[in-house]
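Here's the letter readout for the chains.
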Amino acid sequence: MNLEELEQIAESVRQENARFDYEVNVCMGTGCLSRHSDKLKDALTEQIAAQGKNALVRRTGCMGLCAAGPLVLVDPDEILYQHVRSDDAGSVATSLGTAPVAELQCNLRDHFDQQVHIVLENSGHIDPERIDDYIARDGYQALVKALTEMTPSEVIQQIVESGLRGRGGGGYPTGLKWGTVAKAFGDTKYVICNGDEGDPGAFMDRSVLESDPQRVLEGMILAAYAVGASKGFFYVRAEYPLAVARLSACLRDARRRGLLGNGICNTPFNFDAEIRLGAGAFVCGEETALIASIEGRRGTPRPRPPYPAVSGLWGRPTLINNVETFANIAPIIRNGGKWFASIGSERSKGTKVFALTGKIKNTGLVEVPMGIKLREIIEVIGGGVPDGHTFKAVQTGGPSGGCIPAEMLDIGVSYDALLKIGSIMGSGGMIVMDDTSCMVNVARFFVEFCMTESCGKCIPCRAGTAQMYKLLTRICDGSATMDDLDLLIDLCDTVKETSLCGLGQTAPNPVLSTLKYFRNEYIDHIVHKRCPAGVCSIQSPAEVTA
Amino acid sequence: MSPGVDVKTLVIDGKDVTGRSGQTILEIARENGIDIPTLCHLDGLGDVGACRLCLVEIKGSNKLQPACVTTVFESMEVSTQSDRLLKHRRTILELLFTERNHICSVCVANGNCELQSLGQSQGLTHVRLPYRNPDLHVDASHERFTIDHNRCILCTRCVRVCAEIEGAHVWDVMGRGIDSMIISDLNDPWGESSCTRCGKCVQVCPTGALFDKSKVGEAHPKYPDFLPYLNLMREAK
Amino acid sequence: MSKLTLATVWLDGCSGCHMSFLDMDERLLALAELVDIVYSPIVDRKDFPNHVDIALVEGAVASVDDEKKIRKIRAHTTTLVAMGDCAVAGNVPSMRNPIGPQAILDRAYIQNVSTQPQIPCVVVPRLLPIVRPIHEFVKVDVFLPGCPPSADTFHTALTALVTGAPLDVPALTRFGA
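Chains as they are written, first to last, in the numbering used here: chain B, 1 to 546; chain Z, 1 to 237; chain V, 1 to 177.
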């Protein structure tokens with residue numbers, strides 16, 4: 001495979017598509033599929049044939065606006081239809097060449113106009129199971145360019161220049177990580193793609209794997225070339241069957257095209273990758289636990305150092321990056337690190353994909369430039385809080401993150417800014433809460449999550465989260481005293497400072513951030529024995545002592 | 001000094017000490033009579049850094065590091081007795097005392113228990129956290145030994161000694177988080193497991209979770225110091 | 001200077017702490033020079049006095065009656081001492097916690113009784129679902145763990161409390177001592 005061959009494939013796809021007057025893209029991501037978009041696609045194919053329209057019906061990945069699914073995008077007119085049922089297939093077919101179906105049309109310009117798509121540039125536009133579709137949109141050009149024109153250190157240099165930071169949550173500079181693995185001694189090195197997305201309400205990685213798996217693979221192969229690895233593993237949770245199926249197809253097709261295996265693109269570079277399924281343990285997103293799981297051991301973290309970059313999978317130097325991190329690599333190599341660095345804020349470059357969920361109108365996936373104000377994401381792109389309720393807080397970073405109150409919404413989204421106000425970027429979950437949410441109960445929910453997901457290895461996380469949960473339950477049911485609150489704060493401090501891995505170290509964050517910004521709700525529960533949001537059922541003092 | 005041996009000088013609690021590169025803070029502290037509390041660490045077994053009692057402060061880093069697995073570097077300054085560390089140690093011990101049912105007065109290990117004596121040496125006179133009171137069982141199916149899960153602190157010394165030293169790997173951990181349990185084989189009764197009856201796990205258990213049936217009602221001291229000796233003899237062979 | 005007043009209280013415990021207290025033997029006489037024992041199982045007085053300087057409480061809080069008592073004691077006491085493991089940590093009485101009071105009552109009054117098995121319900125106070133140490137109900141000033149704390153422990157601790165000398169409890173005793 002070389003650039004000319006890639007161009008030939010791209011040209012043939014373009015010619016094939018040009019035979020049609022219209023392209024009808026049907027979202028077949030997990031969200032829309034759950035509303036039977038597969039049947040819709042069949043109905044559309046049937047109706048278009050019956051009406052003699054010259055249109056291509058294409059299965060695509062996620063279009064982002066999951067709340068309005070199933071979604072259908074008609075190109076070249078860029079008409080987006082929402083809530084399309086199989087019964088609507090006839091009218092959609094009829095509309096081709098005439099006026100759009102007004103009652104199905106989705107007019108959320110604000111939602112899309114504010115976004116910048118790098119990771120999601122192909123999502124909703126290509127068939128995720130057709131490698132040629134990806135190639136037609138400049139896919140694998142970066143790989144061919146790197147393998148034929150760049151040295152591994154030049155590849156790393158581009159990543160360093162881009163300022164890309166790990167998208168899995170930690171925000172560790174990707175170029176630095178690659179450089180460390182590249183310098184590590186060892187004739188065998190590994191690359192791992194962390195697809196063990198476990199935060200409640202987060203589905204960025206799943207969508208990327210479902211919508212554009214080749215992009216992730218290309219990023220991984222580029223990484224392998226840069227650090228000198230010969231084998232890669234995709235660690236994907238088994239709860240993502242569609243992502244796993246599409247990734248399997250992606251690996252098979254890449255092998256057939258000579259983009260994976262021995263002598264990639266007719267160069268001496270050998271690399272192959274396989275999929276490992278995770279059983280859904282949240283802690284296996286932690287890199288050392290993930291490695292243990294791939295090795296076939298119990299998924300528990302171990303103290304670092306040594307870091308996986310030095311001693312990882314089977315004791316070999318190992319590079320671990322998140323799905324979204326890998327999805328950013330090909331565009332960086334294609335367009336240069338400087339191009340990427342021009343997007344975003346001072347110390348957080350590029351874009352970030354967020355999964356917007358909770359009390360928000362436009363639930364779904366959004367990709368925004370770093371530095372964008374939280375307010376813009378929630379009020380403009382997200383469409384605000386529905387049903388006349390008022391915004392109370394937004395939780396970022398999943399169970400490890402914090403709750404950000406309304407008065408903080410004007411901060412720009414970046415790793416450092418979120419950390420400063422007691423939350424984290426995390427992998428990109430964003431849960432919006434309104435006045436019907438009790439913040440103590442919210443904190444308790446996340447602590448319960450950490451308690452059940454703790455691996456049980458270290459004491460502060462294993463027993464500490466259980467005690468935090470017990471104390472929070474007391475507050476919620478009205479039986480707590482102010483001493484219990486002090487005890488809770490004290491315990492949070494110990495769990496945060498002494499836990500072995502990130503799960504325990506960040507488990508107190510939801511408690512600490514809600515205490516920081518919504519302390520009066522805690523006091524209401526403890527002293528006044530009432531839940532302001534009316535969520536917790538508080539027993540009267542008489543019942544408690546009885 | 002033979003070539004290749006690299007000596008580091010460092011400071012622990014204001015005391016100048018030396019160690020070879022690759023040695024851990026814990027090793028060097030103990031060589032110099034500085035006490036750092038531990039529960040999961042045991043000389044002769046691989047370290048897991050799980051109990052978090054040996055966390056120390058290292059100058060220049062805000063993050064606490066486990067002394068059992070952190071190797072020394074030149075000019076390192078270690079503090080093992082700061083108020084912050086003492087507070088965390090006490091809270092961790094409280095977490096252990098409340099996690100399961102540690103009734104010292106009626107425990108077979110009363111007077112010979114590492115958890116109990118750590119509680120005393122760390123100045124614990126009571127536990128502020130609520131007791132969890134889980135309903136746990138006792139497996140007395142083994143001919144010679146008993147495992148009482150009420151007293152287990154999940155230090156995994158038994159798991160490691162069985163896998164690393166005896167080579168039988170009868171013990172392992174089942175379940176996750178607060179529900180984690182030590183199991184023999186695939187959660188079979190101990191008496192019906194592939195146990196070799198060597199008794200090493202009983203000797204290394206820091207509490208009364210694993211005990212010898214013949215010692216019930218008597219003082220039941222454990223002798224875990226056979227391990228370094230055993231390792232030494234195996235290496236010499 | 002008038003003598004300090006001392007009370008000793010027996011909640012859900014085995015009375016072992018009181019026995020150990022009495023094991024101070026002749027040192028009790030010296031103690032009596034310093035304090036008046038105004039309320040105790042070994043003193044004939046029915047009601048807890050309006051004010052005592054030091055109260056030693058043995059036993060965990062296991063029934064509604066225990067709870068009522070400990071709150072009253074706290075309200076009328078300057079220095080409240082949790083005496084022994086039951087008061088400090090729940091200890092043996094708390095061993096029923098994993099299975100609950102009903103199972104215990106059934107075992108004691110139904111299953112193991114051959115004639116007229118019945119669970120007592122008149123006069124006796126209702127059991128709390130969970131036996132808890134006293135500091136989970138009221139503020140405790142001094143904790144003296146041990147099962148029971150030794151007579152020496154009592155002597156050293158009480159002397160310190162009465163004279164106001166510093167008291168290093170972990171140097172004297174521990175859980176289960």
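A hint or two may mislead.
Straight-line C-alpha distance at most 20 Å; calculated PhoX-like pairs for lysine-lysine [to be verified]:
(1) Z:Lys8 with B:Lys496
(2) Z:Lys59 with Z:Lys8
(3) Z:Lys87 with B:Lys420
(4) Z:Lys63 with B:Lys496
Just a sample of chain Z residues kept apart from chain V, beta carbon distances all over 10 Å, derived [unchecked claim]:
(5) Gly14
(6) Thr24
(7) Glu57
(8) Gly119
(9) Gly123
(10) His126
(11) Asp135
(12) Glu235
In short, the hints are calculated from the structure, not lab data. Beta carbons are placed, not taken as given, at the ideal position from N, Cα and C, and that holds for glycine.
Hint-by-hint comparison with the structure:
no., hint, verdict
1, Z:Lys8 with B:Lys496, "violated, 31 Å"
2, Z:Lys59 with Z:Lys8, "holds, 16 Å"
3, Z:Lys87 with B:Lys420, "violated, 26 Å"
4, Z:Lys63 with B:Lys496, "holds, 10 Å"
5, Gly14, "holds, 24 Å"
6, Thr24, "holds, 28 Å"
7, Glu57, "holds, 23 Å"
8, Gly119, "violated, 6 Å"
9, Gly123, "violated, 5 Å"
10, His126, "violated, 4 Å"
11, Asp135, "violated, 4 Å"
12, Glu235, "holds, 38 Å"
The structure shown violates the earlier hints numbered 1, 3, 8, 9, 10, 11.
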